[in-house]
Amino acid sequence: MNSRAAALRKARDSIPAEAGVGLRFRHHREVLESHPAAAWFEVHTENYLGGGSAPACLDAIRRDYPVSLHGTGLSLGSAEGSDPAHLARVREVVERVEPGLVSEHLSFSVAGGNYLADLLPLPMTEEALGIVCRNVALLQDHLKRRILVENPSTYLRFRHSTIPEWEFLAQVTKRTGCGILCDVNNIYVSACNHGWNASEYLAALPPEAVGEIHLAGHVVKRLDGGRVLRVDDHGSRVAPEVWALYAGALARFGPVPTLIEWDTDVPPMAMLLEEAAHASVLIEEAKNGTRRALAA
Amino acid sequence: MEPAAPSLLELQRALRASLVSHDDRGISAHIVDVGISPAERLDVYRSTFASVLTTALRLSYPAVHRLVGAEFFEGATRVFIEVHPPRSACLDDYGEGLADFLSAFEPAASLAYLPDVARLEWAVNRALHASDAEPLDPRRLAALADAERARVSFVPHPSVGLLRVDHPADLIRRAVLEEDDDALSAIDPGAGPARLLVQRLATGVEVRRMSESAWRITAALFAGWPLAAALDEAPGTEASALLADHLAAGAFIDFCLNETSD
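Residue numbers (this note's numbering), protein chains in the order written: chain U, 1 to 296; chain Y, 1 to 262.
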């Protein structure tokens with residue numbers, strides 16, 4: 001391979017510090033036929049575990065775009081440990097796709113041998129920290145690469161938690177060398193639900209560990225008596241408060257690959273690209289800010 | 001009084017009981033209840049658990065879903081999910097037991113053909129997500145001497161499946177998915193058994209009806225019987241055309257030679 005071809009290949013491999021879009025099945029055909037101007041795509045690893053048309057589409061899309069794999073089933077917080085069969089399937093997808101980034105969640109989804117189909121909250125304890133670190137290290141060894149771990153949206157906290165979530169996450173990166181996928185919407189949702197200060201959460205994360213940012217919409221669930229819970233349903237545009245928090249995140253972390261996620265009532269690609277364009281403007285401002293800081 | 005702190009394993013199993021069996025006794029006391037009760041907080045997770053799995057089942061069983069309607073489907077699958085929660089994070093693999101569940105599900109007893117439609121949809125789902133594999137190049141078979149060919153045992157493609165159903169589930173499924181009410185009302189649900197071949201082609205998953213003799217030979221071939229022995233299952237059948245069809249459809253990915261042909 002000559003150097004120009006190698007450079008092109010590399011450009012298609014690594015995830016750029018630009019705005020990407022979460023790719024769902026309904027957009028496969030459109031992406032293959034009209035090559036929308038997305039900087040990169042991210043898919044849910046668990047949607048591509050077998051054979052057939054979905055993985056074949058992803059292979060074709062991967063030839064033209066950098067792709068990130070975002071897992072939802074490895075259950076990094078399970079006391080029972082990781083499911084070796086699932087780990088093996090995920091590794092097959094990673095080997096097939098050669099993604100620019102691989103990520104999972106700070107949560108659990110397997111207990112008593114059952115997959116509970118959600119990203120469930122962990123108690124923030126020393127015991128849980130040890131178990132998460134063990135599972136993250138195992139996963140990184142298995143995949144022979146660094147992964148990113150995403151902060152979750154949560155709707156409950158446990159009484160026996162002793163470590164703030166942001167410190168827990170910082171400890172996981174420190175002990176395992178993994179990176180952080182900073183979901184700004186999740187920080188906002190959890191901060192509102194638990195009375196945390198979202199800006200302080202951001203400020204507590206080690207900037208050098210943040211390898212990706214997620215943005216998505218959430219819904220306000222109204223309970224009786226005027227009480228509310230914010231629920232991370234990925235079913236609408238990014239909220240104005242989350243855009244504001246995102247600007248703060250870029251100011252702290254510098255330009256970072258940023259993903260627009262939309263999973264409920266997935267809209268046309270054009271609307272996802274509009275959201276990505278909004279993120280791009282803020283990323284460009286962050287790049288200019290970094291240049292100014294370097295020049296000073 | 002503060003409850004004793006549970007181990008992570010205990011806590012996770014208690015949350016499992018809350019989501020799967022709606023039993024909050026082991027978990028509520030450990031949840032911070034400021035402003036919003038543990039039950040209201042758990043409801044958010046319970047709702048996601050139920051809706052994600054119901055959606056997974058609806059995607060795997062679209063004809064069953066349309067036959068019984070959304071409300072009935074949701075009611076039936078909620079019971080199914082509680083009895084058979086998933087054992088793997090690969091949701092394409094979830095729902096295998098739905099046909100057997102439906103055949104014992106009293107409210108669906110009047111729809112005798114429903115479990116067969118579910119059985120067929122599961123076979124289609126399996127074919128859809130089965131591993132990829134390169135089909136056998138027929139020239140490899142053509143290069144063999146006749147005596148060798150009789151001793152060939154084939155390896156079937158991971159996506160092929162055979163199914164015998166008591167009701168015309170293939171006709172019902174097609175009419176339902178094509179929303180062809182005239183075709184649906186013309187079907188006699190008691191019109192005897194059907195033998196079906198399900199396989200993934202480049203164009204999608206195909207469900208093909210087979211004669212009893214072709215089905216028996218195919219079943220023997222898929223089970224790895226030597227070619228001569230498989231053909232003996234139904235002497236007089238147009239076996240060479242059947243074999244050519246299977247090869248053209250990529251139903252086999254490899255073969256080996258047995259010591260003897262039977």
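None of these hints come from the bench; they were simulated from the model.
On a predicted model such as this, the values are computed, not experimentally measured, just so you know.
Some hints here could point you the wrong way.
Not the full set, but computed from the structure, chain Y residues with beta-carbon under 10 Å of chain U [to be verified]:
#: 1; residue: Arg16
#: 2; residue: Leu42
#: 3; residue: Pro85
#: 4; residue: Ala130
#: 5; residue: Ala175
#: 6; residue: Leu177
#: 7; residue: Glu179
#: 8; residue: Arg200
Where a beta carbon is used, it is the ideal one built from N, C-alpha and C, also for glycine.
Inset, instruction - Against the structure, test the hints numbered earlier, and report the numbers of the ones violated in rising order. - result: 5, 6, 7
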